[in-house]
Amino acid sequence: MSVEARGLPTPELTDESPDSLTTLDLFALGRQASAARDRQLGRRGTFVRARQLLASGGWRGPRDAAESTVEDADLAAIGGLPALRAAGIDLLVAPVDSSHVRAAAEAGLRILLRVPYRLGEDERERLDRLAALDRAAYDVWGVMPEPVGEPYGLDTLRFFALSRLALPRVPHLLADVGALGPRLAQMAFGFGADELFAPIVSERALRLGANAHNPSLTRKEAATLIRGAGLAPCERFADGTIEEIPA
Amino acid sequence: MTISFAQIRDKVRAAETLSFEDGVALYQHPNLMELGALANEVRERLHGDRTYFNRNLHINATNVCEASCRFCSFARLQPGDPAAYTMTLEEAWGKLRARVAANDPITEIHIVNGLHPGLAFDYYTDLLAGLKRIQPSIHLKAFTAVEIFYFAKKFGMSIEEVLQALRAAGLDSLPGGGAEIFAPRVRKKICDDKSDADEWLEVHRVAHRMGLRSNCTMLYGHIETAEERVDHMLRLRALQDETGGFQTFIPLAFHPDNNALMKLPGPTGVEDLRTYATARLLLHNIPHLKAYWIMLGIKTAQTALWFGADDLDGTVQEERIYHMAGAATPQVMHPTEIIRLIQNAGRTPVERDTLYNVVAEGAALIPDKPFRRDVRRSLEVVS
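Protein chains in written order, with numbering that gives the first Met the number 0: chain A, 0 to 246; chain B, 0 to 382.
Hints listed in this document are in silico derivations from the structure and should not be mistaken for laboratory results.
Among the hints, erroneous ones may be present.
[Claimed, not checked] Computed far set for chain A versus chain B, every beta-carbon distance over 12 Å:
no.	residue
1	LEU25
2	SER33
3	GLY41
4	ARG42
5	ASP89
6	VAL95
7	ASP96
8	GLU145
9	PRO150
10	ASP154
11	VAL200
[To be verified] Estimated spans, in silico, between C-beta atoms of each pair:
no.	chain 1	residue 1	chain 2	residue 2	range
12	B	ASP48	A	TRP58	43 to 53 Å
13	A	GLU149	B	ALA101	23 to 33 Å
14	B	ASP192	A	ALA237	51 to 61 Å
15	B	GLU40	A	GLU105	49 to 59 Å
16	B	SER67	A	PRO245	49 to 59 Å
17	A	ARG117	B	GLU33	27 to 37 Å
18	A	ASP238	B	ASP192	39 to 49 Å
19	A	ARG117	B	ASP48	46 to 56 Å
20	B	THR16	A	TRP58	35 to 45 Å
21	B	THR16	A	ASP96	54 to 64 Å
Quantities reported herein were computed from a predicted structural model and do not represent experimental measurements.
We treat Cβ as the ideally placed atom computed from N, Cα and C, and that holds for glycine.
The shape of chain B in the complex, shown without the other chains (with noise of 0.2 Å):
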C-alpha cells in the first residue's frame, strides 16, 4: 500500500509514532519543502524557536586505532606511523590548561579515539581524572560506545565495571559515535572488525541503566540505502523507548575525502534537509536533534534549523576526525559567531551545558563578555 504524506503528516500531528514504512516513505518524498516544513512544526512544537549551542574542546588524544573503517581519515593502524599520533597525559591536559589561562568558559570537553592497541587502562581513566583536577566542574563526554566495548574485551572487563571505573575518573556522559549504520549488509562493508550494533546499542543500554545520558549518531551518504538508514533510526527510538538515555541525535554527513571510500560522491544538501527532517519526524522520544556543523558546514548547518534541527553543537575547538577527512569548515567557531548564525536564522541563541542545563540566554548572552561569575570560579585551576 502506497503511503501519502497526507497520512503521515496526520500522524505526526496526532503525535502517532510513525512506521517503519512511513519513514521510508519520507525519504521518497519529492517535495522538500513539504517535508521540511512538517519537521519545523515538531522541532517548533518541541522547542520552539531555541537553539542551543555550547562551549567546548574537542580531545583526541590518539589516532592510533586497531580498526580498519573504510569510511575513516583519521585513524593510523601502527603506532610507527609518521602520521600517527599518542598524547601524552600531560600534552592532553596541556589542551584544558590552555582554555583555562585563555579564560575560556568552556563547559564541556568531548574526548573520543582510535582504538590504541598499546595503551593501558590507567592512560583513559588518568586522562579523566586529571582534566577533572584542573577543571572539576568540566563535564568530560568521553569515549564512543565502540572504544567502551574495546576497553571491555581487551582488559577482560564488563561494560558495566568498564563504565564504573571511568565514571569514577570523572566521565560524566557518553558521546554518539561509532553507531555508523546498524545494518550488517553495510558494516560488514565499512567497518568490519569493530563493536557490531547490538554490542553498541548494548553499552548505551548499560550506559543509561547507570544513569548516565548518552547522544547517538548516523553516519550517512556513502553506500547505505534510505531503507536502512530508517533501520536505524527505530533502532534507536526503541532503545531510547526503553531507557529514556538518548538526548540528542546527531546526523553524520560523511566525507569522502583521504579514505577508502574517496570514490563516493558524499550526500548532496538536499540529502542532508530530508535526513535531518526525516530524522526529526521518526525519533519523536529523542528531544534534540544536533547540526553538526563541522560536518555537514556551516551554511548547511544553519539551514537545518528548520528542517527538524534545534542544536548546533558549539565552539568544537580543535576537531581532527573529520578535518582528516576532507572538513573544509574551521576549527573553531567563536560564540559571537555562532549566535549570529542562530539569530540570522530566526532562531533563538541558547548557550546550554552538556545536558541542555540552560548557562545562558537572552541578555545574558553577551558573546563578547563571556565571564559571568559563576563560570569564573568554575575556572579555578586546582592542578
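Bound-form chain A, shown alone (with noise of 0.2 Å):
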C-alpha cells in the first residue's frame, strides 16, 4: 500500500541534498527530521499492543493485541507465507536483506525492516544503503534502526535522523526498546521517530535481577516516554485508528 493510498500527505523531499545531511551538526539533523516527521504525520508518536507469532506456532503478547507480527527468520517453521494469512499477520518484521520481503508486500502484509547500523561506518556509506532501500520495489511501512553490537548515543540518533529524511516514501520510523533502552529511544523522538517498539503490558515486573533489561513498557510507561519527548502520545488500533492517551 502506498502512502497515498494510506491517506498519509504526500512526503516533501528536504532541500538538503543527501549528502549535504553529513555536515549538518547534531541540532540541525535532529530540526530538520523532527520537522519531516511532523509533516508527513504530525506531533504524534505512537505505540501498539502487538503479538508475535513464534517459531513454535505459539504467539508472545496479548489476546486481544492490536497488531499481529511475525519475524522473518521465524517464517520457514511457520510454514511461510501462506500461513501468515491464515495466521490473521498483518507485518513482517524482516531484516533489509531478506527475500522474502517483496512477495510479503504484493500479498498485503505491511513490511517493517530492520535497517542495521554499526560504530564507525562513514555516513556517506549509511545513506548510500539507505538511497538502495529509498529504491525499493515494495512498499515499506516503516523502518527500525538496529545496532550491530553497543549502540552510541550520537551515533543512534544521527542515524535516526538521516533514516528519516533519506527515506522520504517510508512512514514510519521505529524506536526499539529492546535494542536501543527506553533512554535511547525516547531520544530518538527528537530526531525523526514516531513510534516505539515494544511489548506493551498491563503490569510491569519491577526491572530486577533477571528482568534487569526488559524491554516491556506499561502503556502508562510509553505514553510517558512519548509525552517526554515532547509529542502527543497514541495509541494505534487494529483498524488503523490511533487515539491519544490524555495526560
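Relying on the hints, combine the two individually framed chains into one complex.
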C-alpha cells in the first residue's frame, strides 16, 4: 500500500541533498528530521499492543492485541507466507536483505525493515544504503534502525535522523526499546522517530535481577516517554485508528 | 510574565546571569533541540571541543551507614547485616596496590563511604596516609560533605579541624556527593537524618576557604520538582560566587532499583539531557559539567556531550554505590573506549588529573601504551 493510499500526506522532500546531510550538526539534523516527521504524521508518537507469532506456532503477547507480527527468521518454521494470512498476521518484521519481503508486500502484508548500522561507518556509506532502500520496488511501512554491537548515543541519533530524511517514502521510523534502551529510544523522537517498538504490557515487573533489561512497557510508561519527548502520545489500533492518551 | 526562550538566549549570549524564573522556563521549554543548541554554545565557548576524562579508582570502604536515605541501595544500617561490609585498611590499600602492580597509571582515588558509627577517626586518616605511602602522587578526592559533617559531630571537632586532619593525612579535594536536593520538603522525605543543605554548603565553604577544591552534585529524577532543581542549582551558584571553589557540577540521575523509592520510574533520557542543558546555562560560574557515565549509561553520557557536558569522569573501577541501585553500566571503562566514545561524538579527548591539569592530549594520548615516563615514575611502590 502506498503512502497516498493510506491517506497520509505525500512526503515533502528535504531541501538538503543527501550528501549535505552529513555536514549538518546534531541539532540541525534533529530539527530537520523532526520537521519531516511532523509534516508527514503530525507531532505525535505512537505505540501499539502487538503479539508475535513464534516459530513454535505459539504466540507471544496479549490475545486482544491490535497487531499481529512475525519475524522473518521464523517464517520457514511457520510454513512460509501462505500460513501468515491464515494466522491473521499484519506485519512482517524483516532484515533489509530478506528474500521474502517483496512477496510479502505483494500479498498485502505491511513490511517493517530492520536497518543495521555499526560504529565507525561513514555517513555517506549509510546514506548510500538508505538510498538503495528508498529505491525498493515494494512499499515499506516502516524502518527500525538496528545497532550491530553496542550502540553509541550520538551515532544512533544521527542515524535515526538520516533515516527519516533519506527515506521520505517510508512513513514510519521505529525506536526499538529492546535494542536501544528506553532512554535512547525516547531521545530518537527528537530525531525523526514516530513509534516505540516494545512489548506493551498491562503490568510490568520491577526491572530487577534477570528482569533488569526487560524492554516491556506499560501503556502509561510508553505514553510518558513519548510525552516527555514533546509529542502527543497515541495508541494505534487494529483498524488503523489512533487515539491520543490523555495526560 | 511569561519568559520567552529568545529572551533567555539573548541573556546567555550577553553573558548575563539567568534568574530562577529563567531556569524554570528552561525546564518547561518544549523544544529540546533549541535548549541543547544553546547549552552547546556555552559549552563550546568555555571548552571548544575539548572533553575531559581521567583514570581513577573508586574505593567504597564501608557500606555500614547510620543514615537511612530512601533513594540509597548501597547502605546497610547494621554491621551484622549479611550484605554489610567494612574493608580493613589492608584491603582498601590492596585496591591501589593491585592497580600499581598492574601498571595502571591512575591519577585519582575517589573515596565515598557510609556513615559508620563504629569506626574511629584514625581509620580514615590511616586510610588516606596509607594510600599516599603506596603512591605519593595519587590525588585523594575523598569523603562527601555529609561524611565530613558526620565526623565533626561524632568526634567533637569543627569542620575545619576535620578537614585539617584529613588534609594532613593526604586529602587533596572533596567529591560532590550527598547534596541530593537542597529543598527541605524533599530532604525531609528522602534523607531526613543526615546533614541538611546549609550544613552541606558550609562544609564546602570551609573547604574552599582552606584552598581545597571540590565538586557538587544534584540527585534528580525522583520526587523533586523543576523548581526545586533550579533552586538547588542556584544555591550552588551562589556559593561559587562567594568562593570559586567548585570545579565541576555533576547531575546524578536517580536509579530506582533496590531501594525504598523503587516504584518511581526514574528520569527519562530527555529529562537527562534537559537537566544537563539547563545546568550548563544556569551555572555559568562552574567551569565543568560532568556526564557521569556510571549513572547515566554510556549512550546517554555520550549524547550529553552535546547538551552542555564537557567531562565523562573516568575509568572508575569498582564502583559499588550505583551498581547496587541497578546501574547496568560496566564496572570499568578502558581509556581506549572512553577516547573512542569522545571521538565518535566529534569531540577532542583530553586526559586530565583531578584538578583539570592536562595529563595527555593529541598525539600523547596513546590509550594502548598508557605509560608515559612521568607517570611511570610516580608509580614507584613506596610501601
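Verification of the supplied hints:
no., hint, result
1, LEU25, "5 Å, violated"
2, SER33, "7 Å, violated"
3, GLY41, "15 Å, holds"
4, ARG42, "10 Å, violated"
5, ASP89, "29 Å, holds"
6, VAL95, "23 Å, holds"
7, ASP96, "26 Å, holds"
8, GLU145, "15 Å, holds"
9, PRO150, "6 Å, violated"
10, ASP154, "6 Å, violated"
11, VAL200, "15 Å, holds"
12, B:ASP48 - A:TRP58: 43 to 53 Å, "50 Å, holds"
13, A:GLU149 - B:ALA101: 23 to 33 Å, "25 Å, holds"
14, B:ASP192 - A:ALA237: 51 to 61 Å, "54 Å, holds"
15, B:GLU40 - A:GLU105: 49 to 59 Å, "51 Å, holds"
16, B:SER67 - A:PRO245: 49 to 59 Å, "38 Å, violated"
17, A:ARG117 - B:GLU33: 27 to 37 Å, "31 Å, holds"
18, A:ASP238 - B:ASP192: 39 to 49 Å, "56 Å, violated"
19, A:ARG117 - B:ASP48: 46 to 56 Å, "24 Å, violated"
20, B:THR16 - A:TRP58: 35 to 45 Å, "59 Å, violated"
21, B:THR16 - A:ASP96: 54 to 64 Å, "56 Å, holds"
Comparing the model with each earlier hint shows violations of hints 1, 2, 4, 9, 10, 16, 18, 19 and 20; every other hint is respected.
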